[in-house]
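Novice: What follows is the residue order along each chain.
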Amino acid sequence: MTDVTLAELCIFACSEAFRNNGEIIATGVGPVPRLAASLAKLTHSPELMMTDGECYLVEQPVPLGPRKYDDRKAAGYLPFSRFFDAAVWTGRRHAMVTPTQIDRFGQINLSQLGGTHQQPKTQMLGVRGFPGNTIYHPNSFFFPSHTTRVFVAGEVDMVSGVGYNPAKRVPGGNYSAVSLRSIVTNLCVMDFGGPDNAVRVVSLHPGVTFAQVQEATGFDLIDAVAGETALPGAEELAIIASLDPHNIRAGAIKDNPLARIPA
Amino acid sequence: MLDKRMTPAEIVGQLSDGMTLGIGGWGPRRKPMALVREVLRSDLKDLTIVAYGGADVGMLCAAGKVKKLVFAFVSLDAIPLEPWFRKAREAGQIEVLELDEGMFQWGLKAAAFQLPFLPTRVGLGTDLAELGGLKTVQSPYADGETLIAMPALKLDAALLHVNRSDWRGNIHAFGPDVYYDEWFARAAAKTYVSCEELVDKMEDHYADQAQANIVERAFISGVTHIPCGAHPSSMPPAYGWDMKAFKAYTDAAKDPGDWNAVKDRFVGANEADYLAGFGGKEAVAALPLPIF
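Quick mapping for you: the protein sequence lines, in order, are chains A and B.
So that you can map any letter, position 22 of the first sequence is 22 in this note's numbering, and since no number is skipped, the others follow by simple counting.
Just so we're on the same page, this note's numbering is the position in the second sequence counted from 1, plus 263.
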């Protein structure tokens, strides 16, 4: 199939992160992660739980974009007012998010770039729920643009999420639930399966080389490439299309390239 | 006094310079914006603001009211980066205590329970503890675990916007999610609410909806009736957020981004004046509820 887009390939690859997670809240923030969680629920992992993007738990994932307010069918309720009690601080969640920076330890930053904490050069959102998410439940990441600005050399400018950096771990703390799973980018799929949780490349998207990925990364990667990242099949593509009727995914990766450049 | 009705100006008259003020709602949702606008019309200064921040925080920063901000994020959702908050931060204009969203509500709960802190794992392994001067404690039990001692976020006052209240402060809050409004109220020495609908005795009108009473009236010190009082934030089920207004507010922050030159539009001399600039109550009532 030559007309699969790179965004669709990424959605399919991201959905694998939610396989065999059990009855947990699957949260995908942003179009690609959200479609991925929904695709996982509608294919290999119906046991996943998710919200409508607001506070109702739905068994039928809600599509992206404009729709009627009451289109969702609520099967349960999970408002922010009990989100920490029920989902985050009990570890019953797996979130896939897109921080602004990530480093070789899996430390992530969504808060600020450059300058000082008193006067950052660029203020972003703030740490949001990243510190709690990362110490309590599994997390995965999607990056639409794999560059050294995202995959930084050294450490992120502000550590908003717990990684595997031993120097950052206050002795006596309980880090047993820290679990960074998958990193999907526009170039490849990576994980933290190397020695001391070092980042490895486990599959390359069609036409991408390991050297290209290394070039776009600010730290050393381990080559554990087992093959080419799998393309979604007709069934998955149809589900993705039904979950994204306004084709919002077309804007997820710059210029919306195809997954495989036609020969 | 059991009759807690006040004017917005009387409520703001209860606040003073240097106070720690909690603001309910979440980002662009359920914000007591009319009361925030009343603060913006006042001479109050040097405030410590504690909020899951949206345009409330942005406006107070832009107006130079904020000495210190306690926050986990400041965002307008569809416009992820709050423009006036960014300007204040990038100018180094405010002190901050940056927290995780969960730690934040934990700090409100510590204050509500009159505890100095509550222990949590959250924050370990990140920069938060060092930047915020947060200390650790060790479990006295066999596990000996080291935990962050999240300090109580004690509020001198909290502001909330609710769907309905009676004059004794029996409030009802509807909508799919009421966030941490009840904990802002319990963490505060005084809580002032604005409401979409004011009734005399709640039990005479809505006895069958008592489950919407998210916080007990002992925690409510003042009540004021301000329909559309959350605009431009959302107030389900009454109205959605006004993304056009947020867009205009965001555009106004671009160069030169002088708050004094644009504040009349976003604050107004009074609420009627303010609302008229956005099409009046009818236009607000017609704003569709947001879809996520």
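Check each hint, because a few of them may be wrong.
[Said to hold, decoys possible] Only some residues are given here: those of chain B computed to face chain A with a beta carbon under 7 Å:
1. 308
2. 334
3. 363
4. 384
5. 385
6. 387
7. 388
8. 390
9. 391
10. 408
11. 441
12. 499
13. 552
14. 554
15. 555
[Unchecked claim] Here are the simulated distance ranges between beta carbons:
16. B/518 <-> A/118: 56 to 66 Å
17. A/171 <-> B/500: 29 to 39 Å
18. B/406 <-> A/179: 14 to 24 Å
19. A/172 <-> B/532: 48 to 58 Å
20. A/167 <-> B/511: 38 to 48 Å
21. B/280 <-> A/179: 46 to 56 Å
Just so you know, the hints here were simulated from the structure itself, not pulled from any lab data.
We treat Cβ as the ideally placed atom computed from N, Cα and C, and that holds for glycine.
Novice: At a threshold of 7 Å, is the proposed contact between residue 334 of chain B and chain A supported by beta-carbon distances?
Specialist: Since the shortest Cβ distance to chain A is 6 Å, the answer is holds.
Novice: Taking 29 to 39 Å as the hint, is the beta-carbon distance of residue 171 of chain A and residue 500 of chain B inside that range?
Specialist: With a Cβ separation near 50 Å, residue 171 of chain A and residue 500 of chain B fall outside 29 to 39 Å, so the hint is violated.
Novice: Holds or violated: the 56 to 66 Å window for the beta-carbon distance between residue 518 of chain B and residue 118 of chain A?
Specialist: The hinted range 56 to 66 Å is violated for residue 518 of chain B and residue 118 of chain A, with Cβ atoms some 23 Å apart.
Novice: For the hint on residue 441 of chain B, just tell me whether its beta-carbon gets within less than 7 Å of chain A.
Specialist: 6 Å, holds
Novice: Hint validation: residue 384 of chain B versus chain A, beta carbon distance must be below 7 Å. Holds or violated?
Specialist: At about 5 Å, which falls below the 7 Å cut-off, the nearest Cβ of chain A leaves the hint on residue 384 of chain B intact, so it holds.
Novice: Against chain A, with CB atoms and a cut of 7 Å, does the hint on residue 554 of chain B hold up?
Specialist: 6 Å, holds
Novice: Can you let me know if the beta-carbon spacing of residue 167 of chain A and residue 511 of chain B is within 38 to 48 Å?
Specialist: This hint holds: roughly 46 Å between Cβ atoms.
Novice: Is the hint on residue 385 of chain B kept, meaning its closest Cβ partner in chain A is under 7 Å away?
Specialist: 4 Å, holds
Novice: Holds or violated: residue 552 of chain B as interface residue toward chain A, Cβ cutoff 7 Å?
Specialist: Since chain A brings a Cβ to about 5 Å from residue 552 of chain B, closer than 7 Å, the hint holds.
Novice: Let's test the interface hint: is any C-beta of chain A closer than 7 Å to that of residue 499 of chain B?
Specialist: Hint on residue 499 of chain B: violated, closest Cβ of chain A at ~9 Å, above 7 Å.
Novice: Once the shortest beta carbon distance from residue 390 of chain B to chain A is found, is it less than 7 Å?
Specialist: Because about 4 Å separates residue 390 of chain B from the closest Cβ in chain A, which is inside the 7 Å limit, the hint holds.
Novice: For residue 280 of chain B and residue 179 of chain A, compare the CB-CB distance with the range 46 to 56 Å and indicate the outcome.
Specialist: 47 Å, holds
Of the numbered hints stated above, those contradicted by the structure are hints 1, 12, 16, 17, listed in ascending order.
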